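Asks: Residues per chain are reported as follows:
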Amino acid sequence: MSPFLFWIFAVLTVTFGAAVVLNRNPVASALSLVVSFLGLSALFMSLDAFFVGIIQVLVYAGAVMVLFLFIIMLLDIHVEERRRINWVAAVGGTGVAVILLVQICVVIGHFQSARRIFPPLATSTTDDVWHIGRLLFNNYNLPFQIIGVLVLVATIGVVLLSRREPR
Amino acid sequence: MVLFLIFCPIVAAAVIMLGAPARKTALAASFLTFAVALFLFASLDHGNADFQHVTSFSISPEWRLSFTTGVDGLSVIMVLLASIVTLAAVWFVGSIERYENAFYACLLFISGGAIGAFASIDLFFFYAFHELALIPTFLLIGIWGSENRVAAAWKITIYLAIGSFILLLGLILLYQSFPLPSRSFDIRVLRTAAGMGQIAPDAQRHVYLLLLIGFGILISLFPFHTWAPEAYAAAPAPAAMLHAGVLKKFGLYGLLRLAIPMLPEGAHHWANLLIVLLLGNIIYVGLVTIAQKRLDWMLGYSSVMHMGYIFLGIASFGVLGVTGAVVLMFAHGLSIALLFGIAGELRRRTGTLDFDELGGLARVMPFAGLAFGFGVFAAIGLPGFANFAGEIMIFFGAFRNGWEIGQFHIFQIATVLALWGVVLSTVYMLRAYRTTFMGSIREQWQTLADLSPALRIPVTLLVVALLCVGFLPQFFVRGVAPIFETLTSAKSDTQTCSPGTTRHLQTVGLSRENAPHGQGYSIR
Amino acid sequence: MITAPLLEIAVLVLGMLILMIEAFAGKIDKRVLAFAAITGLAIVLLASFFLVPSSSPANVTGFWSFYAADRLAIFFKQFALLTTILVLIMMIDYAPVVRSFFPGAVPHTGLGEFVALPLFTCAGLMYLVSAIDFVFIFVALEVVTVSFYVLVSFTRRNPMTLEAGTKYLILSALSTAFLVYGIAWIFGSTGQTNLYRLTASLANAGADSGAALLGVVFVLVALGFKIAAVPFQIWVPDVYQGAPTPVTAYLSVGSKAAGFVVLIRVLQPFMNLPQTERLIFVIALLTLIYGNLAALPQTNLKRLLAYSSIAHAGYLLIGVLCFDVRAVIFYLVAYLLMTLLSFAVLIIVAQQTGEEISDFDGLAKRSPFLAFAMLIGMVSLAGLPFTAGFLGKFYIFYAAVLQRQIALVVVGVITVGCGFYYYLKVIRAMYWQSDSNTDPIPVNGLSRVAISALIVATICLGVYPQPILDALKH
Amino acid sequence: MHSFYPWLILLAPFASATVITLFTLRWKSLSSAVSITAVLVSFCCSCFVFAHPATSASEFVWLDLPPLFRVPFGLTIDQLSRTMAVVVSGVGALIHIYSLGYMRNDEGKSRYFAALSLFMFAMLGIVFANNFVMLFIFWELVGFTSYVLIGHWFFRDAAADAANKAFITTRIGDFGFMTGILMIWMTTGSVVFAEIAPRMPMFGGHATFVAIVALLIFCGAVGKSAQFPLHVWLPDAMEGPTPVSALIHAATMVAAGVYMLVRVAFIIQASQTALLVVAWIGTITAVMAALIATQQDDIKRILAYSTLSQLGYMVMAVGLASNQAAMFHLFTHAFFKALLFLAAGSVIVMLHHEQNIWKMGGLRRRLPITFATFGAGALALIGCPPFSGFFSKDAILAVAYEHNLPIFAVALFTAFLTAFYVIRMLVIVFFGNPRSNVAGEGRESPPVMTTPLIVLAILAAVGGFAFFARNFLTLPTGEEAGILVLVLAILALILGVGLALVLYRGRAAEPVKVEFLRRKFYFDEFYGWLIFWTQELLARVAAFIDRWIIDAGAVGGSSRGVWGIGAVLRLIQVGNLQAYAFLFGLGVIALIYFAIFRS
Amino acid sequence: MITLGDYLVVSAILFTIGFAGVMLRRNLIVIFMSLELMLNAANLSLVAFSRFRVGANGLPDYNAQVLVFFVITVAAAEVAVGLALLVALYRARQTTDVADITSLKF
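Residue numbers (this note's numbering), protein chains in the order written: chain R, 23 to 189; chain Z, 9 to 532; chain X, 2 to 475; chain D, 4 to 602; chain E, 1321 to 1426.
Just chain R, same shape as in the assembly:
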């Protein structure tokens, strides 16, 4: 796809990602997270990964965000009351993050294939669901089932942790 769109979505994703961190109000953070994820799914699409892009929208923008907002409402957490920011921590954290970013970028810079463009595909990948599905059910059968176990455990956990006993 055109660089133009890529940059649009990239900037969108990153800015709203930043917004998540910068917003004082959790609700605002949640919403900006949604937007950032939408941009992200668009980037996925731009990489011909339609299935991933779609479940990204479904799962995150759909399920997870709702969960977040639901919890926020449940605990009615409003704007983080203005404690004075611990500047040392702030600066330190930012510094660490920046250094990490720089390091990664330098690695990317030395990474040969990072300079190359994406090779063209033989056919369009609109049917990638089929491919992924086949992989998932043949090759990745075992991990797939274990993911099931994981979800089960998570369910038990959630029930256990959030159940309130009869007083």
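To be clear, the hints were calculated from the coordinates, so they are not data collected in a lab.
Because the structure is a prediction, the values reported are computed rather than measured.
Check the hints yourself; a few may be wrong.
[As the list claims (entries may be wrong)] Pairwise CB distance ranges, derived in the manner of DEER restraints:
#, chain 1, residue 1, chain 2, residue 2, range
1, D, Thr537, Z, His417, 23 to 33 Å
2, E, Gly1375, X, Phe25, 43 to 53 Å
3, D, Cys47, Z, Phe479, 23 to 33 Å
4, D, Arg29, Z, Glu451, 25 to 35 Å
All residues carry an ideal CB built from backbone N, CA and C; glycine is no exception.
With the hints as your guide, set chains Z, X, D and E onto chain R.
Replies: Frame of chain R, contents of chains Z, X, D and E only:
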């Protein structure tokens, strides 16, 4: 039989913990051990140098690790020493108010460990058995010790723990410095391999240094000695007897067993260092001892000082000096045990060991005075006691080392200084004896009771043992000498400390041709 | 003829059965569940000894490209099973505490899950130790992690526990993120996620080693988090202290051991890169120093054990650095025995007095058995001969000396000295100090058996280590 | 022929000592009986051996490490040792008997006699020893018994201190002795006298080396025979019971040094320097002790100093390479000095342990026998013809005259001094009027004490005559210069006697006080100062270093340091999640740096 | 044209933003969000790599996308558990601020 010797005290300790009558069981066990040890000594064929009564259970064939026990002329002496001192120590235990069973169990545990260490031919168990004593010592000092028991217990335990891990490194390095085919935990195998000069010289130096430091800490070699007096001052008398009398000898035994036979090159290379350190033990610590103000500290320091003589014998690296060292080890073990035992009794009666507060006690406790006198004069090497036999052999052995007529080398100087050390030890020992037992007596001691008849038995046991060996040292010599003749006959005549001859030794003495550099020693 | 995968399936089925019973058979004594689980696991453990290990060839696809059933895997499956059994036994002792945090609820509320979850964790561990593909590693790791989230914060009426749970969750999620990112980079630079094929493709990757290394570092971050290696140990003391004690034991043994297995598997392809070796070296050094030194001033036994688990991670890392798998494995076994021993005693004693070291004063009088058990545990942790702990250290130091890791060896010896100090503090409390309260402490039959078994095992392995060493002979 | 008698000489006292210590400590009289029989047995045996010059003794090996080191236990039986044995056991026997009376009611009687027997064993061991190590062994044993006997009344602080002083001082001498033995053994490869003597050439050209060796051996004698630098212990040793002073610190043990020198003369005489030094040491000791003796008030101390100076004579003789003279004087000295001490002892007992001569006086009437015997001894001591001392001292003077005139002069002066102080003592103690009421009423000692006195008196009287002494010793051949020496000696004698008489007839107190001499040249003070400023100081410093620098500093410091680091490290756990995440991040970037950017 | 590097950089930025969020924010909910951000950043680079590595059949390497699928699932599960824990914590402490849960320390 050897197995019985090792496990009789340990089993007895277990039984006591399970609630058997403490004192009776302990006495019975230690007496049994003593009897068997005596029989073992008598039944040993002193003519031949290799181990006898050997039993072996394989533990790990691929590491050539096996639980092998046996005794030769050297180790049987140590076992005998251990059993005698154990018997005496157990006998010296008076009334214990808290955890009586635990007390006896700890004692027996220590002695079992010591005997095990002396009697195992396998490197691993040789090390492991000695470590058995660590926790019992910690508990003995910690629970039943006197005034600054806490600090003393911590210091001795941590210090010895670190020391024994350094030692462990040394042993590992020793094991690895052999070429693969001859790697084994069996000391006999290692020794024959070393005899063929399979350890590269540089390897020998490293290993010897590690062993020296590791064992040195256990023996309280000069800079590493500060744990000893404090611990012995704080420890209850029987514990002090066992530790100073027997456990300390483990390190020396190790040096004699491993370092001397297997690492001649290392021994030569570090000879001068060792000399300096042991002079530190003899002269420096001797002076420190003179300045002590309490009997128990004085005894502790004196035991540190006397290690110097044994080190001198070991450093002399000739059959004469080494044999002397063995005899002196035995003698010192007995005499220091005797002294600590009597001192413990004094503390029990008077509640203090300050020189300023004691005096003239021989008036009210003549037997104690007599016994302590025996100990004192044994310690300062009066002829007739085993100590003298050991010391004189050490002096002769050390003095002949690298002798050239008309000029002194380091060994001669060391020997002369060590002789002066004898004067020093005379000074502090006699002063202590005079301030404690002679002179005018204070009122509050007028009513002290002498040692009970029961206590006279262990004292007599120790003294008699000292005198027997002192009168007929040949008994020990004939058993020990063959072990070391093999190793020193080649070198002891050519060895010297003047660098020129040392070079000559490195090239001729141990043939590098057989031991190419880094074989079994290079990285990976 | 049973095959390896059946074990996990059996464990999973067992777990679900327990859940079912918990859900539908409401009013039974929930301890029955624990006994059932223990017996089940015991059977599985027994069965695991009839497995025949299969060597995993490099070019297989499908199931066997994720799942290795080699000796290492089988051994650690048994390891995980044993750990879980012992932890369940501890949980029975701990049940009163759990109940006390569900005020006025139906008797034994939540105990069912408390028994069931470890089973799933165990299955996760068993998968993890035989995972040879990053995808599978990720999934299995997550199963373990998520179940631990729940376990750590199980007694959720206890604010401490909640705090511990939160800290564990956040930091562990953080490490997960790094894991994924790392996997992404490794995949990106080599195009492979299977470890064996990785080895092949790394050989000709050449130029892109930078990217691959970045991936390795990120993966190491995640694994270092699991094995509590400095600088990712920060969570350990708090979480260990706050979590329910059996869970702490489980964390410190199960997840650490699995972490080390994965570490060994993952490092295999990368070990020939000098940078990796240097990395491990630095981590090991820091871990040794931090774990041992910071433990010195501790007064809370649980927290002390947390620091000691960091310290032991340090010794284990020496083994990993020298890539002496057998040393690492033996050390892990010894670590399992002695740590679980200490925790078992701690659980029983803590219910009577508390978790502070000073709460152990005069234990020798109150319960000689427990005191002796603790003595053996501590002595073995400190590394005294004739205990498994010593042999573990011996093998580690042997490997280190063989490879001339002078710095590590020196630091190792010093830290061993420190170790003696803080482990003997406990012995001191039990034997020197005397406590006003001298009424005996009850020990129920099962845990008495378990503790005795652990003592015996610790000493036997200390004298005759061969069985463990043979377990991995080819 | 091999016979067991020589060994019996040694073993009888040893057996008695053992028996007494082990069994009969409780029954005092029994112990004394045992001890006396033992000494009599060994006396008879030594007489037997003396009568049969051919006897030899079997030897056994004490230590043997072929090929390096062999210490046999054998007995050298030659004229020297035979004579010495007879003298030692004879005098010993007499003193044992005397002790029966002297220690009549002493609570430590058994201990006393045990020690006495042990001493006899050790002393005779020295006499018969055939090698250096054996000699050294008995040497030390003698020192030990002397320690025990000096400290016999250990509850007196003075006695206890004296015992320690004696043992430690002799130990210092033995330090040199042992070194010398080592060097001889290294050079000649043997410690047996008979083997060393022919191998002396092995020392080759190293003249100084030989001198050093010889002097180191001499050190032993200096310590044991209380020669000049190490003489301080002997006067203090008088704290012991008087018979002990007589036996050990007059007749036998202190003479052992001289005996040893004679025994190993072949080493001493191998170096002229050594000889000279020895001679001068002897001379200095002789004159110094005599000077001090002139101003002492304690009867036993006077005798002790006279012993010193007589020993000085003997050593002088050895130094002048005249062993015969030395042995001759040793022989006579044994008799008259023992006699003097025993007589003094009987005086002391009679005065209830009053030893200050100024508290005595006019005793000649009260104790005639004691007076007579004491007089005989005194005359012998001052070398008044025809008493034994005259001959032996004359022999030494003669030797000195022909070898070394300065020494001769000093020796002569010493003879004068000797006469002076002995007569002084004699006059003050036995003549004039009683100066204290105890001196007033006193009775003669019992026969058990007086008999030995008489016997010894006879010996002291006749011991010097050639017809008697010849049987025991090869007497020094009288030199041609003899007559002049004779005259001078007698002149000095007369001068001394005269001066003493003039000064001390009927005095009630010391007319001339020379503080310098009364304080014994301030030797004790000087040594005290020396020890304090060397050994004590070093000891204190060392103790300080040990306690504070090595222990508290190095050991404690390091442990505390490690603990501190730990205490700091644990502060990393601030408990705040953000901080943890931050540290986590730090760790990550650090690792990345190490892995990628540091290569 | 757009290179692989561009996508990687974007994902790196996103990742670090998320990490910064974890380090800087005190509100647990926001921290969870930041964690999600990090995971998705990882996903982005995974997908990019999968698109970059075109197999012989001329299709992207779908293995990576399968992994992405797993990651998303796991992330969801984690969030669920985390939020449940959050609720429990809020019930116990009436706070979601990490600065308030520092009772375990040193």
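Asks: Determine for every hint whether it applies to the structure shown.
Replies: Hint check results:
1. Between Thr537 (chain D) and His417 (chain Z), the C-beta spacing of about 26 Å keeps the proposed range 23 to 33 Å intact.
2. Taken as a hint, the range 43 to 53 Å holds for the pair Gly1375 (chain E) and Phe25 (chain X), whose Cβ atoms sit roughly 49 Å apart.
3. Between Cys47 (chain D) and Phe479 (chain Z) the CB atoms are about 26 Å apart, so this pair conforms to the stated range of 23 to 33 Å.
4. The hint said 25 to 35 Å for the Cβ distance between Arg29 (chain D) and Glu451 (chain Z), and at roughly 27 Å that hint holds.
Checked against the numbered hints listed earlier, the structure breaks none of them; every hint is satisfied.
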